[in-house]
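Participant: The primary structure of each chain is shown beneath.
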Amino acid sequence: MQNHSSTVRQDVTRTHSVAKPLQLVSAFVLGGVIVYAAGFLNTAAVHNAAHDTRHSQGFPCH
Amino acid sequence: MLFRQIVFYALLMGLLAGAVVTIVQTVQVVPIILSAETYEGAEEPALAPFKAEGHTHGGGESEDADAWAPADGMERTLFTFISNTITAMGFALLVLVAMFATRNLTNSGNNDFNWRHGLIWGAAGYAVFWLAPAIGMPPEIPLATTAPLEDRQLWWGFAAICTAAGLAGLAFAKSPWRWVLALLVLVPHIVGAPHHEGALFAEQPPEAAAALEALAQQFVGASAIANASLWIVLGLVGVWALRRIVVSTDRSTDDEAFSSRV
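As given, the protein sequences belong to chains G and D, one line each in that order. Per my numbering: the first sequence = residues 1 to 62. Per my numbering: the second sequence = residues 63 to 324.
Capping the alpha-carbon separation at 20 Å, the derived lysine to any residue pairs in SDA-like fashion look like this: (1) Lys20(G) with Arg305(D); (2) Lys20(G) with Arg66(D); (3) Lys20(G) with Ala160(D).
Reference listing, derived: stretches of chain G covered by chain D, where coverage requires no fewer than 3 residues with Cβ under 8 Å from a Cβ of chain D: (4) 27-34; (5) 45-53.
These are calculated hints, taken from the structure and not from any lab test. Each residue gets a CB set at the ideal place from its N, CA and C atoms; glycine is no exception.
Extracted from the complex, chain D is given alone in its bound form (with noise of 0.2 Å):
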């Protein structure tokens, strides 16, 4: 059964992508995270809690102070290593939906799916997820002054859907359309990102804030490599994990269409 292929692999890519984003992970990413949360007030725990309504951290005391957190070091990996994987693994099935259900568009038919076209999605996916938001909101480190939550999730999934809807317009419509389509990558940014007023950290001391926008600086690039390395191993994954789902549900075709017509 289809479904239960594309999971069962998706599972595997998740999985794969995951372990590699950890490590890449906590040897640029999180030493930044780690050393914005110094500048958080000693009161807090390292891991600041969050409020539901959209905060910035570093404001006293709050609400949900009691809530779980995972300690620091191993328990923190591990939960980052988990949430990357169930991470991976929900693009891991967007992308491999898309690339079975475009498989004809862009192969003729062939099962000929190589490690160029797991390159190609691995950079499709990147622009989606990672660069369209990015360009409008660079990924933040905490105790950064931002625009309320809603909006930046808001902006975040409106960029994801333009991009993809664009380059879904790009590589597989017919012109003129795939140059209309195509012009949808450049909405979001002409509507422009949700956006504090003022100074990042303006809410912190000045020697604070000085040291916290240039980790914010270095933040942008490690989420960038971060995440070139998990749509590298998604795209070259998913390719192979889709010549077997295809080899496998071409095998099955035959049987269905004979069950359909009984």
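Chain G with its partners taken away, still in its complex shape (with noise of 0.2 Å):
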């Protein structure tokens, strides 16, 4: 039972605050994942929008 409130304690002030290393990758995972639907995304739409982007950028394009 005191281990069981002890671990509940603990989620409350972690929910607080989140883990800087946690913030970190969540920020580096979003960066990859904005990069990759700007530059690689096949679909027809975000490619025709993206198209000079991706030429300048030298990403693979068609």
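Make one complex out of these two single chains by using the hints.
Facilitator: Structure (structure tokens):
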């Protein structure tokens, strides 16, 4: 019982301050997803909108 | 909160870099793309439609001919600005996280980052996201006949990751490991980028192919300059952002340390 309640208390404090490494990883993953979507996503509309960016950035296009 | 701060500054960096790159591109990159597109079949729209299975332009009718594309002129430039900005925001997130995570390795804990750090980080981003992929696969203009898209995308990502890991090893690891890790930079080029057998514009008539070859060469230089401007802005503004983030996280660290002890 004692164990259980201490775990709960820890969880509560964790939600107030998410560990910094986790925040860094989240920001990094978000950046990766954005670059992937802008540069690599093979959807016609995305490709056409980002066409000149992709060519200019040297992303493989077409 | 660290995450929110990094995202906020990355959006700002992306907006600035996106604006600068769009101006540089409009002056020297886009004219080359537009000239190349004049060699596309007359029946195709200026912004050639995209086919999912990886193809080259100019092959006549295409399945996705109805797909939306921005109209040439202001609309196309606007979408290029938006996609430049979004791409730059993604790069900004990656580089800000890398800067923040390694800040104590390069700087002995003092918050005295200056513009030189910015240029070094910018150069690293340029090497990872432009130079290394471009060494294997020079930036292409429309109409080039190339290896399948998926292969090239995979190699592009592989080259970027190996170069990032190699440069990180060189900058942060201790010898002899730093030299071992630095060798990672060479791996994608030893493996080799996927290439199409034969001439770059084999599907074009000879006179068009010659003109396109000349455009393709100009394009590599234009792309190199546009990306250099992107990474100079990201590096310099990135250091400014890093200083602000470090100051405010150091201020809040005491509160967090207290709350985690409670």
